[in-house]
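2 protein chains.
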Amino acid sequence: MEKENKLSRRRFLAQAGGVAVGALAISSGLSFITEDVSANGEEVQAEWPWPYEQLDPEEIRKLGHLGYYQGACCYGAFTAIMNSLKEKVGGPYKTFPVDIMRYGEGGIVGWTTACGALNGAAAAITLIAGEDGYKGIVNQLMGWYTQFPFPSDQSNEYASKHAFLVDKYKSDEVLVQSVADSPLCHVSVTRWCEESGYASGASERSERCARLTGDVAAKAVELLNEYKSTGKIITAFTPNETTESCRTCHFKGDNYDAGQFTRGKMDCEPCHGDPHS
Amino acid sequence: MEKENKLSRRRFLAQAGGVAVGALAISSGLSFITEDVSANGEEVQAEWPWPYEQLDPEEIRKLGHLGYYQGACCYGAFTAIMNSLKEKVGGPYKTFPVDIMRYGEGGIVGWTTACGALNGAAAAITLIAGEDGYKGIVNQLMGWYTQFPFPSDQSNEYASKHAFLVDKYKSDEVLVQSVADSPLCHVSVTRWCEESGYASGASERSERCARLTGDVAAKAVELLNEYKSTGKIITAFTPNETTESCRTCHFKGDNYDAGQFTRGKMDCEPCHGDPHS
Numbered sequence: 155m156e157k158e159n160k161l162s163r164r165r166f167l168a169q170a171g172g173v174a175v176g177a178l179a180i181s182s183g184l185s186f187i188t189e190d191v192s193a194n195g196e197e198v199q200a201e202w203p204w205p206y207e208q209l210d211p212e213e214i215r216k217l218g219h220l221g222y223y224q225g226a227c228c229y230g231a232f233t234a235i236m237n238s239l240k241e242k243v244g245g246p247y248k249t250f251p252v253d254i255m256r257y258g259e260g261g262i263v264g265w266t267t268a269c270g271a272l273n274g275a276a277a278a279i280t281l282i283a284g285e286d287g288y289k290g291i292v293n294q295l296m297g298w299y300t301q302f303p304f305p306s307d308q309s310n311e312y313a314s315k316h317a318f319l320v321d322k323y324k325s326d327e328v329l330v331q332s333v334a335d336s337p338l339c340h341v342s343v344t345r346w347c348e349e350s351g352y353a354s355g356a357s358e359r360s361e362r363c364a365r366l367t368g369d370v371a372a373k374a375v376e377l378l379n380e381y382k383s384t385g386k387i388i389t390a391f392t393p394n395e396t397t398e399s400c401r402t403c404h405f406k407g408d409n410y411d412a413g414q415f416t417r418g419k420m421d422c423e424p425c426h427g428d429p430h431s
Numbered sequence: 155m156e157k158e159n160k161l162s163r164r165r166f167l168a169q170a171g172g173v174a175v176g177a178l179a180i181s182s183g184l185s186f187i188t189e190d191v192s193a194n195g196e197e198v199q200a201e202w203p204w205p206y207e208q209l210d211p212e213e214i215r216k217l218g219h220l221g222y223y224q225g226a227c228c229y230g231a232f233t234a235i236m237n238s239l240k241e242k243v244g245g246p247y248k249t250f251p252v253d254i255m256r257y258g259e260g261g262i263v264g265w266t267t268a269c270g271a272l273n274g275a276a277a278a279i280t281l282i283a284g285e286d287g288y289k290g291i292v293n294q295l296m297g298w299y300t301q302f303p304f305p306s307d308q309s310n311e312y313a314s315k316h317a318f319l320v321d322k323y324k325s326d327e328v329l330v331q332s333v334a335d336s337p338l339c340h341v342s343v344t345r346w347c348e349e350s351g352y353a354s355g356a357s358e359r360s361e362r363c364a365r366l367t368g369d370v371a372a373k374a375v376e377l378l379n380e381y382k383s384t385g386k387i388i389t390a391f392t393p394n395e396t397t398e399s400c401r402t403c404h405f406k407g408d409n410y411d412a413g414q415f416t417r418g419k420m421d422c423e424p425c426h427g428d429p430h431s
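Protein chains in written order, with the working numbering: chain P, 155 to 431; chain D, 155 to 431.
Do not take every clue at face value.
Since copy identity is lost for identical chains, a pair holds within one copy or between any two.
Listed below are the simulated DSS-like cross-link pairs for lysine-lysine, each with C-alpha atoms no more than 25 Å apart in a straight line [to be verified]:
#1 324 with 406
#2 242 with 324
#3 382 with 406
#4 386 with 315
#5 324 with 289
#6 315 with 240
#7 324 with 382
#8 289 with 382
#9 386 with 242
#10 289 with 386
#11 240 with 382
#12 240 with 406
#13 240 with 324
#14 289 with 406
#15 406 with 242
#16 248 with 406
#17 242 with 382
#18 242 with 315
#19 248 with 382
Calculated from the structure, these hints are not laboratory results.
What you are looking at is a predicted structure, and each value in this text was computed from that prediction instead of being measured.
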C-alpha cells in the first residue's frame, strides 16, 4: 500500500512537471523530493524550494482579487498562488496551512506596516524560489510596488467590464490610480484616499485594495514564471534619484559618524523631506 | 500498515498533549485532528489552529537569539517557536517548511518595513491561536514591541554572563537599551543606533537584533501560553496619549472631510510631528 502511494506520487509529479523523477532526482540534484513518506513510514519534509508550474498571471490577478474578500490582502495574495499550485502541482501544497498568513491584513492586523499583499506574495515567492532566488525576486516586487499606479488597468477592467464574480465585489467603478511611493500599507492607503477623495473606511477603498491584491499576486507570478523558466530575475526596478543620493551616506555600514546609523530601501523624502536644507 | 500508522499517531499525540483523542476529538469538537491520512490514504490538512503545548519563554528567548544567526530575525523568531513544537508536539509541525519565513529579514529583504521578528512571531501565533485569538494576540505583541526597551535585561544577561553558545554570538557586551516607538525595522534600528552610537552595519547592531529576536519570540510564547491555558488574551498595551488624540479624527472611517483618509495604529508623532501647530 505504501509502495503504491509512493509510485503514484512519482507518476503524478512526472506528469505535472514534465520531469523524469525518482532515482534521477537524487543523482541530478533536482531541488525537490517526490515522496513525503520515507522507507520506514515516517513523514519527511518536502525539500526547499517547493515544486512549481507556470501560472497564468491574469488568472492569479482574478483569484487574488477574490481572495481579498475571503481573508484580506495578505491571505488573498498568498492563497491565489498557493491554492493554484495545490491544484496544479499537489504534493506538499495539499497539506499546507494557508490560514497562517491571515495576520498580514492591513500591514499586520491593521498596524499598517508592510502592505499585506506584499507580505503574502513574498512568503509564496520564498517557498517557491528558494535560497538563490527569493531575495532578488522579493526585492523587485517591493520596488515595483512603490512605483506602480494601483489598481492596474487590468484589474479596473475586470471589475468594471468583465466582472466574473461581480456580486462578490464592493464596487464596479473604474477606480482612480495612485502611486504609493512606499511599501507601507499606511502610506499606500493614504495616498490613494487623497488621490481619490474616498475615505479609508469606504467600500471603494476596500475594493481598491482587493484589486491591488490581485495585481501584486499577478506580478509575483510573472517574476516567478521568468525565474523558474530561465533562472533569471527580472530587474526592472531602480530606486529614485533622491533616495539614491541619500544612500550615498546613509546605508548599512560601519561608520556612525559618516551617517551609517540607519538602514533600508524605502524612499526617504516622503517622511524626511530634505533634512539638510 | 496504514492502520498501524494511524494508531501510532493517535498514541503519540495522546502522550504529548495529555489529551484522550480519537473518537473524543470528534465528539468534543477539539480543534485539531490527529491524522493526516484519511481512510482512503489521501493526505488531509491538519485543522487550523494547530495543536500547542506550553513552552518555556526563557528557552524560546535563547533559541530565537541563536536562530537569528541561522536565518536572521524573522526566521529566528518563527523557528524558535515552530521547531520547539516540532519537538514537543510533532504531528503537522514535522513537515512544515520553516524556510518560508526567511524573506522577513530586515523588514522584508532589507526594505525595513515591519520588524522581521514581529513578522515571524505573528505567523506562528496565527497558526497556533486560530481565528478567535490571533488578531488580539498579534495586536498586543505589536503594541508591546513599540514600548519595550530592547534588548531585554534577560537577553543582555544570557549573552554577557551565561552565554550558552557564546562562540555563535557577535558580542558579549551588555548592550544599551532603546524604545523603538514603532514596529518598523527602519525606526527600531535607527533609534538603537542613535542611542548606542553604533553604526547600522556594526556587529553590535546585529547582536542587538539577535537579542531582540529572542525577546519577541519569548513574548509571543508568553501570550500564547496564557491564551491556550485560560482562553484569555493579556491586554497590557495601550497606545500613547498623543496617538490616541490623533485617532479621534484620523481613523478608518467613512468621512473623508473629517480626516478619515488614513488608517493604522502606529504612533503618529515620530513621522508627522504636530501637523496642526
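Against the structure, the hints come out as follows:
Taking the shortest alpha-carbon separations for residue 324 and residue 406, only the inter-copy value of 17 Å comes in at or below 25 Å, while the best intra-copy value is 43 Å. Taking the shortest Cα distances, residue 242 and residue 324 never come within 25 Å of each other, neither inside one copy (30 Å) nor across copies (45 Å). Proximity of residue 382 and residue 406 under a CA criterion of 25 Å is satisfied in neither setting, with 31 Å inside one chain copy and 40 Å between copies. In the homo-oligomer, the alpha carbons of residue 386 and residue 315 never lie at most 25 Å apart, since the shortest distance is 35 Å inside one protomer and 47 Å across protomers.
In this assembly of identical chains, the alpha carbons of residue 324 and residue 289 lie at most 25 Å apart only when taken from different copies (24 Å versus 35 Å within one copy). In this homomeric assembly, residue 315 and residue 240 never come within 25 Å of each other (Cα to Cα): the closest approach is 30 Å inside a single copy and 49 Å across copies. Taking the closest pair of Cα atoms, residue 324 and residue 382 never come within 25 Å of each other, the shortest separation being 35 Å inside a single copy and 36 Å across copies. For a Cα distance limit of 25 Å, the shortest separation of residue 289 from residue 382 inside one copy, 14 Å, qualifies, whereas the shortest one across copies, 35 Å, does not.
Proximity of residue 386 to residue 242 under the C-alpha cut-off of 25 Å is restricted to the intra-copy arrangement: shortest distance 23 Å within a copy versus 41 Å between copies. Taking the closest pair of Cα atoms, residue 289 and residue 386 come within 25 Å of each other only inside a single copy of the chain (13 Å); across copies the shortest separation is 38 Å, beyond that limit. In this homomeric assembly, residue 240 and residue 382 come within 25 Å of each other (Cα to Cα) only inside a single copy, at 17 Å, whereas the closest approach across copies is 31 Å. In this assembly of identical chains, residue 240 and residue 406 lie within 25 Å of each other by CA distance neither inside one copy nor across copies; the values are 39 Å within and 35 Å between.
Proximity of residue 240 to residue 324 under the C-alpha cut-off of 25 Å is found in neither arrangement, the shortest distances being 28 Å within a copy and 42 Å between copies. For a Cα distance limit of 25 Å, the shortest separation of residue 289 from residue 406 inside one copy, 17 Å, qualifies, whereas the shortest one across copies, 33 Å, does not. Taking the shortest Cα distances, residue 406 and residue 242 never come within 25 Å of each other, neither inside one copy (41 Å) nor across copies (39 Å). For the homomeric pair residue 248 and residue 406, neither the shortest alpha-carbon distance inside one copy (40 Å) nor that between copies (37 Å) is at most 25 Å.
In the homo-oligomer, the alpha carbons of residue 242 and residue 382 lie at most 25 Å apart inside one protomer (15 Å), although the nearest pairing across protomers, at 36 Å, exceeds that limit. Neither within a single protomer nor between protomers do residue 242 and residue 315 lie at most 25 Å apart by alpha-carbon distance, with minima of 29 Å and 53 Å respectively. For a Cα distance limit of 25 Å, the shortest separation of residue 248 from residue 382 inside one copy, 21 Å, qualifies, whereas the shortest one across copies, 27 Å, does not.
Of the numbered hints given earlier, the model fails hints 2, 3, 4, 6, 7, 12, 13, 15, 16, 18; all others are met.
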